[in-house]
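Chemist: So the protein lines, in turn, are chains A and B. Residues 35 to 460 (the working numbering) make up the first sequence, in order. Residues 16 to 329 (the working numbering) make up the second sequence, in order.
The hints are simulated quantities; they were obtained by calculation from the structure and are not laboratory data. All values derive from a computational prediction rather than experimental measurement. Wrong hints could be hidden among the right ones.
To be verified - One-sided excerpt, in silico: chain B residues whose CB lies under 7 Å from chain A:
#1 Lys32
#2 Asp154
#3 Ala176
#4 Asp177
#5 Gly194
#6 Glu205
#7 Ile228
#8 Gln233
#9 Ala236
#10 Thr240
#11 Val293
#12 Tyr294
As the list claims (entries may be wrong) - So the derived label-pair ranges between C-beta atoms look like this:
#13 B:Thr72 <-> A:Val106: 56 to 66 Å
#14 A:Gly135 <-> B:Asp223: 42 to 52 Å
#15 A:Glu446 <-> B:Ala85: 17 to 27 Å
#16 A:Thr142 <-> B:Ala21: 20 to 30 Å
#17 A:Arg443 <-> B:Gln40: 41 to 51 Å
#18 A:Thr142 <-> B:Thr72: 20 to 30 Å
Note that CB positions come from ideal geometry on N, CA and C, so glycine has one too.
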Amino acid sequence: MSAVSALLRRLACPLALLCVVTGAYAQDLLIRGAHVHTASTAGDIPGGDVLVRNGKIAAVGTGIAIPSGVQVVEAGGKPLTPGLFAGITAIGVEEVSLESGTVDEYLTLGAPAWQMQWRPEFDVTLAFNPRSVLLPVARIEGLTWAIVAPDSRNGGAILSGQGAAMTLDGRYDAVLDGSRSLFMQFGADAVNLSAGSRAAQYMLFDQAAREARSPPAAGAQAMLLPAGREVLARYLDGGRFVFDVHRAADIRQVLALAKRHSIRPVIVGASEAWLVAGELAAARVPVLLDPLENLPATFDRIGARFDNAALLAKAGVAVAFALSSDSTQNARKIRQLAGNAVAHGLPWDVALAGLTSTPADIFGVARSRGRIAVGQVADLVLWSGDPLEVTSVAEQVWTAGTPVVMRSRQTELRDRYLERLRGGED
Amino acid sequence: MLPGSANLIGGRGVTLKNVAATGVQGMKFPDAPYGLKMACGENPKRVYGSKSQAPKTRMGNIAGYRQAFADAQEYQRQWEKYARELAAHETKKDKDDDAQPPSEPKRDLGKETLVEVLEGRILVHIHCYRADEMQLMLDLADEFGFRIAAFHHGVEAYKIADTLAARQVCGALWADWWGFKMESFDGIQENLALVDRPQGSCAIVHSDSSEGIQRLNQEAAKAMTRGVRLGFDIPPERAIRWLTAHAARALGVADRTGTLESGKMADVVIWDRDPFSVYARAQQVFVDGVLAFDRAHPRPPRSDFMLGQQGDAP
Numbered sequence: 035m036s037a038v039s040a041l042l043r044r045l046a047c048p049l050a051l052l053c054v055v056t057g058a059y060a061q062d063l064l065i066r067g068a069h070v071h072t073a074s075t076a077g078d079i080p081g082g083d084v085l086v087r088n089g090k091i092a093a094v095g096t097g098i099a100i101p102s103g104v105q106v107v108e109a110g111g112k113p114l115t116p117g118l119f120a121g122i123t124a125i126g127v128e129e130v131s132l133e134s135g136t137v138d139e140y141l142t143l144g145a146p147a148w149q150m151q152w153r154p155e156f157d158v159t160l161a162f163n164p165r166s167v168l169l170p171v172a173r174i175e176g177l178t179w180a181i182v183a184p185d186s187r188n189g190g191a192i193l194s195g196q197g198a199a200m201t202l203d204g205r206y207d208a209v210l211d212g213s214r215s216l217f218m219q220f221g222a223d224a225v226n227l228s229a230g231s232r233a234a235q236y237m238l239f240d241q242a243a244r245e246a247r248s249p250p251a252a253g254a255q256a257m258l259l260p261a262g263r264e265v266l267a268r269y270l271d272g273g274r275f276v277f278d279v280h281r282a283a284d285i286r287q288v289l290a291l292a293k294r295h296s297i298r299p300v301i302v303g304a305s306e307a308w309l310v311a312g313e314l315a316a317a318r319v320p321v322l323l324d325p326l327e328n329l330p331a332t333f334d335r336i337g338a339r340f341d342n343a344a345l346l347a348k349a350g351v352a353v354a355f356a357l358s359s360d361s362t363q364n365a366r367k368i369r370q371l372a373g374n375a376v377a378h379g380l381p382w383d384v385a386l387a388g389l390t391s392t393p394a395d396i397f398g399v400a401r402s403r404g405r406i407a408v409g410q411v412a413d414l415v416l417w418s419g420d421p422l423e424v425t426s427v428a429e430q431v432w433t434a435g436t437p438v439v440m441r442s443r444q445t446e447l448r449d450r451y452l453e454r455l456r457g458g459e460d
Numbered sequence: 016m017l018p019g020s021a022n023l024i025g026g027r028g029v030t031l032k033n034v035a036a037t038g039v040q041g042m043k044f045p046d047a048p049y050g051l052k053m054a055c056g057e058n059p060k061r062v063y064g065s066k067s068q069a070p071k072t073r074m075g076n077i078a079g080y081r082q083a084f085a086d087a088q089e090y091q092r093q094w095e096k097y098a099r100e101l102a103a104h105e106t107k108k109d110k111d112d113d114a115q116p117p118s119e120p121k122r123d124l125g126k127e128t129l130v131e132v133l134e135g136r137i138l139v140h141i142h143c144y145r146a147d148e149m150q151l152m153l154d155l156a157d158e159f160g161f162r163i164a165a166f167h168h169g170v171e172a173y174k175i176a177d178t179l180a181a182r183q184v185c186g187a188l189w190a191d192w193w194g195f196k197m198e199s200f201d202g203i204q205e206n207l208a209l210v211d212r213p214q215g216s217c218a219i220v221h222s223d224s225s226e227g228i229q230r231l232n233q234e235a236a237k238a239m240t241r242g243v244r245l246g247f248d249i250p251p252e253r254a255i256r257w258l259t260a261h262a263a264r265a266l267g268v269a270d271r272t273g274t275l276e277s278g279k280m281a282d283v284v285i286w287d288r289d290p291f292s293v294y295a296r297a298q299q300v301f302v303d304g305v306l307a308f309d310r311a312h313p314r315p316p317r318s319d320f321m322l323g324q325q326g327d328a329p
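Next up, chain A with everything else stripped away, as it sits in the complex (with noise of 0.2 Å):
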């Protein structure tokens, strides 16, 4: 055997006694002796086992009896955590940025805001490919669910549709349950979309509520076709409404929003959140954010800085993470964006749960995902080393207690030009 093909061998194999496993749907194993972190309140356990059954978790804890016709699979002390969230992506609906043919994940309306309609019906996960190469270069990463989720340009309007967390495992049917959200974007970034004021956002909102409750008569000028109001009424009637604002006073406003409405807010972005933690905490509003937008990049954004999640955490929010930009292609980024928190003050623990478990709380799926507890769907992630550390790779994934053939596109492209970069010095 040629040096080549034995190096591309060990690639394909990473965990030798895993690949006896890949040939079957081993959806009963047993991970022996990993530094299970299980993001849930049982904590850390150095030594863990987790037994898979069924594709879920049947058990968690230390010295766990091997049953027989069970895999086994040796973590050697690695830490094992539950499936990453990907971030708020459009992963499934846009394979590359600037081919609009790939792009789904826009709905263009076309009209001045002044007379744009709402329409809280469009879904964009029906626009959901699990064929997307994204899905595996995400998948290998440790990344096993995903907020795939609409978004508005081009005269989109404020509220951009509906989105739900999806899973990454590949099925064509791929959202969870529970988890369906309407999406709106509002401040500086959506003023073209508000005739001009962001003021306008808060009139438009009130506008459609009240559409959605009562019809307006027929023949008037109305923001939501039937469809939309029958939409609209059922999230003001205790849906998740995720909002993406930065500023510090228009997250007063948005939580001022949500009470007249008795809406359900989630607040994305959130450069300046840290500066209104205590309404945030005090409403049980959760946010997703950015550590890494540091920066005063816009004036909606002049108090970004590095430890809002340090802060917002410290006054009893929940905090989970999102990248502000790239989020479908380079989704896998997300893990640095929990390290770069802890790096400004965020407890570590704190940092996972915002990758796994409080998402997971934030979009209603923690019944199944998001933590390592028995009754969870077994998304498993072998790491190499610290899971937030830039230096640890996932060595192997695990969806619904399925071992993932850990290849991508990417990783076909690379080993087709190590052979030759190889053939070359030999």
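Model the placement of chain B on the given structure of chain A, informed by the hints.
Modeler: Just chain B now, kept in the frame of chain A:
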């Protein structure tokens, strides 16, 4: 600092030291050569194609560069001819009072810049993603007799790592950014490590981003890790060159900065731990021996813009 990538030939770049100043004169790296920015691929195509102007295609791009350098050669010949005529006039005028001096050609700043490229005094930096286009640019350099200092972005540089090393062309590359346009679709996380591998290579980690530039140590760490996972021997003391010595080489200032060697500028960073950790933070930064940043005594180098803004202190 380089101009953008909308134009085939974007203009001159300048090398700066990271010090506060009220203007560029106070930041210029003393006697550093100028750079020239050129751009391949989609951006010039898109910017001009959307206006239905050339270059709409990659063919148009190449035709545009070749014509520009051909025009620069012609311009160079005009000035050489003028120099010869002027020299002849100088020797002649003592004997002949009626001798008329030659008329000086009109200066063309664009062509003048390209002539300096042809004469090797300006370093060429090319925004170029695809392996095939980088090879075409090397052909262009051969045709007109100039050298390329670095390809920037070079998402497919790993496909021609041997060629780049053999031609002594640096690659200023991302650790992992990819997929935002077709010409970045073949990005891999091992790009830097593969480009770094051949003898004489010159891999540089870059960001092209106000976010990434703050943490090139982390970007290098990711790329180093991917190389090590391939079995490559990339110790930290090698990977650090991607953001020190190799960058200095591409900018033509390697004789003065980029390594810790006696006689060089005292541009030094003291870290609180291995800089290739996500938890590492620079403790002290010296530029030309002057303490420019000290974490123990935080006096943030606050810009005029941030002065007096509310909310920049806890």
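Chemist: Quick one, is the B:Thr240 hint okay against chain A at 7 Å, beta carbons?
Modeler: holds, 5 Å
Chemist: Taking the closest Cβ pair, is B:Gln233 under 7 Å from chain A?
Modeler: holds, 5 Å
Chemist: Does the nearest C-beta of chain A fall within a distance shorter than 7 Å of the C-beta of B:Asp177?
Modeler: Given a least distance of 5 Å, the restraint on B:Asp177 holds.
Chemist: Using 7 Å as the Cβ threshold, decide whether B:Ile228 counts as touching chain A.
Modeler: violated, 11 Å
Chemist: May I ask you to test the hint 42 to 52 Å on the CB atoms belonging to A:Gly135 and B:Asp223?
Modeler: violated, 26 Å
Chemist: Per the hint of 56 to 66 Å, is the separation of the Cβ atoms of B:Thr72 and A:Val106 within bounds?
Modeler: holds, 58 Å
Chemist: Hint validation: B:Asp154 versus chain A, beta carbon distance must be below 7 Å. Holds or violated?
Modeler: Status violated, d = 20 Å.
Chemist: Would you say the C-beta atoms of A:Glu446 and B:Ala85 sit inside 17 to 27 Å of each other?
Modeler: violated, 41 Å
Chemist: For the hint on B:Ala236, just tell me whether its beta-carbon gets within less than 7 Å of chain A.
Modeler: holds, 4 Å
Chemist: Between A:Arg443 and B:Gln40, does the beta-carbon spacing fit 41 to 51 Å?
Modeler: holds, 48 Å
Chemist: Does B:Lys32 pass the interface hint, meaning its C-beta sits closer than 7 Å to a C-beta of chain A?
Modeler: violated, 21 Å
Chemist: Does B:Val293 pass the interface hint, meaning its C-beta sits closer than 7 Å to a C-beta of chain A?
Modeler: Since the shortest Cβ distance to chain A is 3 Å, the answer is holds.
Of the numbered hints given earlier, the model fails hints 1, 2, 7, 14 and 15; all others are met.
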